[in-house]
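**Student:** These protein sequences, in sequence, are chains A and B. For the first sequence, position 205 (counting from the first letter as 1) is numbered 189 according to the working numbering, and the numbering increases by one without interruption. So the working numbering is basically just the index in the second sequence, starting at one, shifted up by 233.
Hint data in this document are derived by calculation from the structure and do not stem from the laboratory. Treat the hints with care, since some could be wrong.
Claimed, not checked - Which stretches of chain B does chain A cover? Using the computed rule of at least three CB atoms under 8 Å from a CB of chain A, they are:
(1) 296 to 309
(2) 422 to 436
As the list claims (entries may be wrong) - Over the 10 Å line for every Cβ pair with chain B, so calculated as not near, a few chain A residues:
(3) Asn(-11)
(4) Arg17
(5) Glu92
(6) Gly106
(7) Leu110
(8) Val267
(9) Lys288
Just so it is clear, the structure is predicted and the values come from calculations on it, not from any experiment. All C-beta atoms in this analysis are idealised placements derived from N, C-alpha and C, irrespective of residue type, glycine included.
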Amino acid sequence: MARLNMVDAIDQALAQEMQRDPRVVVLGEDVGRDGGVFRVTDGLFDRYGADRVLDTPLAESGIVGMAIGMAIAGHRPVAEIQFSGFAYPAYDQLVSHASRMRNRSRGEFTCPLVVRMPYGGGIRALEHHSESMEAIFAHVPGLKVVIPADPYEAKGLLVSAIRDPDPVVFFEPARVYRAVKTEVPEEPYTLPLGKARIVREGRDITVLAWGAHVRTVKDAAARLEAEKAADVEVIDVRTLAPFDIETVVASVVKTGRAVVIHEAPRTCGFGAEISATLMERAVLHLLAPVLRVTGFDTVPPLAKSEDYYQPDVDAVIDAIRDSLRY
Amino acid sequence: MPVRSLVSYSIDRVEVLDPQGVVDEALMPDLDPGEIMRLYEHMVLTRRFDERMFKLQRQGRLGTFARVAGQEGAQVGAAFALRPDDWLVPAFRETGALLWRGLSMTQILQYWSGDERGGAFPKELRTLPVAIPVGTHMLHAVGIAWAMKQAGEQVAVLTFFGEGATSEGDFSEAMNMASVFNVPVVFFCQNNQYAISVPYTKQTASPTVAQKALAYGMFGVQVDGNDVFAVYRVTKEALERARTGSEPTLIEAHTYRVTDHTTSDDARRYRTDEEVGLWRGRDPIERLARYLKTQGSLDEAGEAGILADADQKVAEAVAAFEAIPPPGPEEIFKHVFAEMPPQLVEQQAALMARLARRR
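Construct the complete structure from the given sequences, taking the supplied hints into account.
**Tutor:** Rendered as structure tokens:
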């Protein structure tokens, strides 16, 4: 089986879905001839041409708004926003229309579209290129929010997102793009949306993350295992909306403790939703408060201060120890 | 009922200095030889600084940034027409204009190295920090212009953006509001013909950017952006109309980005060497040097002296930049609000404690 990085795994998923379904079109800034600024759409333009791979003018609201129309008219658009920090002009289209068209038309018109965007820090980028604003999308009724943690996950989840009958916002952790390779089957496959993934089973504590920080948590768990300090259950939440309550609650009922990691700002981050859900459904099983390791309630800092901001293995271990000591 | 033509418009293109360095005397702006020499020196400094920044980026001493090369005529020519009490609202490729406004090279290096403190552009320069989200900031220029008019200040606001930005909705909103409120703003589009990989003809079907002004009831004009005299002339006129009559203008400076979009881009993927070569032949600095030589105000020794002087200034700025200690963790929290809320106080304290434990 081939070992691919996330860029190539996503590119392969797009190419295969375009091959399988002529309704699939890709659109965005620089996705055509240039192959995308991260090269995620490399080769698609040459293979499928300008009618299926659209280099758009520089207009995020235009890209998503047009994708809504395409989807209503029977296409399966996969729109790319170059960086999630530039998604805000398109947010109006997602909130006001993509998420509501099914409801507004009582199911007569639907928006089976995917909006892909790289997100998150750790790439020493300039301002607006390191944001983690997944929670404001997860907050919108009618939008699905999916975040792959590695190349294998990325391919399977993207294929599912493209085939899904509803709008999916697909966040790609930019830091993972070329940093990790996993085995990725050549054949198309799907991974379920709305299902969390137990990455590592453990008895003592449940630690939840998504995107790039699944790896941070895995590293923390490995270190605590080596020190014989804790047996950590690691969960990749994978789909923030709809959130897999069943898997997460079952895990915490088993371990009695939970820590959530995200690099997004703390206030109203998705960790708050997980914590509230555990409060409602597992409070009598909790041996410690649900703790969060998050970014600060600040603007994501520029490159030279980035390491201060990012949750790292040490911070995760500190939180796990705090929970275990409680 | 007959079909009648309601309106007809035309768009002018202004050229003063041709590629051979010969000027059209009738259109030559009112600049004395000292001013012309300062223009030249500043364009050279901008170019040498840009080249040095590129090297620093390749050595890992600077982060990603957008180069100026090839656009010195457009942005230095335009900024030169500003008065100190006018405002400048830049995008992210205006290093030459920022330097002219009085920003130090050291500070510009600090900003692009990923140090927040470099963003503290002194307020008295009336120059906003760089705006990276494309096409969003021209509305701020409109708001500032409105406030200046309310205050009775006879000043203008100049805002820079590229042709890619004209595809964003905020561009239309800014143009419309500027005309509706009749505010003293000059929209300066550096049409460098590429928005990363997307060429002008795929960005807009409009033959010129300048004509987009017409739909908003605004005056629009195209200028040869590699002709610093023409740029200065039309910008000066536009700023004057803004200051005295509060009239907005759209200027399209027709130029070319001879390097990559940013240091993360590879322009060879989407355009030919021949095309780039053609534009390198229209270089704005060489064109001005030819003029100065014809006038007898520049010779090879003078040219070398200006270059050496620029390199010396750049070297001093780089040395000062490299002596700046890295930002402390408190910089992240300092400027979120005027007064730090309790959550942030707590988060900062937690970070400090974590860092102390690891020392």
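**Student:** Take a quick look at Leu110/A and tell me if its Cβ sits farther than 10 Å from every Cβ on chain B, holds or violated.
**Tutor:** 5 Å, violated
**Student:** Would you say the segment 296 to 309 of chain B counts as covered by chain A, given the rule of at least 3 residues with C-beta under 8 Å?
**Tutor:** holds (count 3)
**Student:** Can we trust that Lys288/A is non-interface, i.e. its beta-carbon lies farther than 10 Å from all of chain B?
**Tutor:** 4 Å, violated
**Student:** Confirm or reject: Asn(-11)/A is not an interface residue toward chain B, with every Cβ-Cβ distance exceeding 10 Å.
**Tutor:** Consistent with the label, Asn(-11)/A stays out of reach of chain B, its closest Cβ about 17 Å off (over 10 Å).
**Student:** Is Arg17/A truly not at the interface, in the sense that its beta carbon sits beyond 10 Å from all beta carbons of chain B?
**Tutor:** 5 Å, violated
**Student:** In terms of beta carbon proximity below 8 Å, does the segment 422 to 436 of chain B have 3 or more residues touching chain A?
**Tutor:** holds (count 6)
**Student:** Confirm or reject: Val267/A is not an interface residue toward chain B, with every Cβ-Cβ distance exceeding 10 Å.
**Tutor:** 24 Å, holds
**Student:** Measuring Cβ to Cβ, find out whether Gly106/A lies farther than 10 Å from everything in chain B.
**Tutor:** Given that every Cβ of chain B is farther than 10 Å from that of Gly106/A, nearest at about 13 Å, it holds.
**Student:** If we take the beta carbon of Glu92/A, is the closest beta carbon in chain B still more than 10 Å away?
**Tutor:** Glu92/A is indeed farther than 10 Å from all Cβ atoms of chain B, at 28 Å.
Hints 4, 7, 9 from the list above are not met by this structure, while the remaining hints are.
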